[in-house]
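**Student:** If you want the building blocks of each chain, they are given just below.
Number of protein chains: 2
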Amino acid sequence: MLAPWRSLLSRNLHHNRSKPHSRYFQLATVTPEGYPANRTVVFRGFFDDQQNRLKIITDARSAKIQELEHQSQAEICWYFTETREQFRIMGNLQVVTCTEQDPTLQKARQSTWYDLSDAARSQFAWPDPAKPAASKSAFEVKSLDANSPAQNFCLLLLTPQKIDHLQLRGDPQQRCLYTLQDDQTWLTQPVNP
Amino acid sequence: MLAPWRSLLSRNLHHNRSKPHSRYFQLATVTPEGYPANRTVVFRGFFDDQQNRLKIITDARSAKIQELEHQSQAEICWYFTETREQFRIMGNLQVVTCTEQDPTLQKARQSTWYDLSDAARSQFAWPDPAKPAASKSAFEVKSLDANSPAQNFCLLLLTPQKIDHLQLRGDPQQRCLYTLQDDQTWLTQPVNP
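If you read the sequences in order, they're chains F and V. Counting in my numbering, the first sequence tops out at residue 193, every number present. Counting in my numbering, the second sequence tops out at residue 193, every number present.
These are computed hints drawn from the structure, not numbers from a lab. Certain hints may be false.
[Claimed, not checked] Distance windows between CB atoms, simulated: (1) F/S148 x V/Q184: 47 to 57 Å; (2) V/T179 x F/K162: 43 to 53 Å; (3) F/Q94 x V/A138: 33 to 43 Å; (4) F/C98 x V/K107: 53 to 63 Å; (5) V/L187 x F/K162: 34 to 44 Å.
Just so it is clear, CB atoms sit at the ideal spot from N, CA and C, and this is done for glycine as well.
Working from the sequences, and respecting the hints, build out all of it.
**Tutor:** What follows is the structure, given as structure tokens:
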């Protein structure tokens, strides 16, 4: 059974579908020093399972990887500009790398790689991120094989534990919390905005 | 002198001015438990000083306040949807409350309150945020005095220490780091995206 907040999220994705940025959200993690880190990432759909896991991709060379080793909890803030609704999605973020042993997860990593555009795949052959800027020619890389993920290509799976849904439209604004219980059912609590 | 990234931010605010959401950004903090927290807030302009401080407002009853007592570092992720540029702004976040003794900061708190819309001010008389939803009538509050900030009205001032500017347009993408040095000058480093 789908979690109760899934249909709300689907409705927002549908109503904001004319805007490519409606599939972007901000992902917050914590650095090894205990500081917050926050960046925009692309929603790559849901992993097809019962846990409502969201798919994100990243590069093994990215700072996110070290941060998640230290603290695997993350919080997504997803604001839909057309409908004016916000979803804060708190949960555990799992990294699926080239050494992943679980065949289902490794298959998910491969199919996510396959579904990328050529341009998105090429970025995994770019020079090391956040290092001093390389020459333009270093970014002129050939297309990578869609059937064979780059070694540094990682799939991230966020398993939601708590959702804070806010609708700015309406008087007053509407806010509702969804919390995953020990029995894997969702507790729904309307709260003050 | 303005920090070198200020003009880039101004250019984005100008080019995205038709979109009210271009003045919203996502603010990441760390909870007392060490988890990341992330929510959309409104940019209220720069504080008029040499430190390039960004103004945000919040309610003393908000979870942010406790989080900032524990960890005052925060990271803003500001994505401009029209120009496709992202600013990650890391810095220290100071809370200016009703008991603030510094006259300049207290004056800034009062003028920020004065500049709010009636509707925005009224929210500070709403029932406690995140508590079980109160009846609709509890949200029907009278206009608050523009000259006298609500006790629970807080001004937040973020002092930037590091900026990570990414331009998605362009081939390859352009990325540049700006880091505040001990001598209060900014180090500019073009890096790989």
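**Student:** Would you mind marking each hint as holding or not holding in the structure?
**Tutor:** Hints, one by one, checked against the model:
1. F/S148 x V/Q184: 47 to 57 Å: Hint holds: Cβ distance 50 Å, inside 47 to 57 Å.
2. V/T179 x F/K162: 43 to 53 Å: For F/K162 against V/T179, whose Cβ atoms are near 34 Å apart, the range 43 to 53 Å is violated.
3. F/Q94 x V/A138: 33 to 43 Å: With a Cβ separation near 41 Å, F/Q94 and V/A138 satisfy 33 to 43 Å, so the hint holds.
4. F/C98 x V/K107: 53 to 63 Å: 57 Å, holds
5. V/L187 x F/K162: 34 to 44 Å: 39 Å, holds
This entry does not satisfy hint 2, going by the numbered hints stated previously; all others are met.
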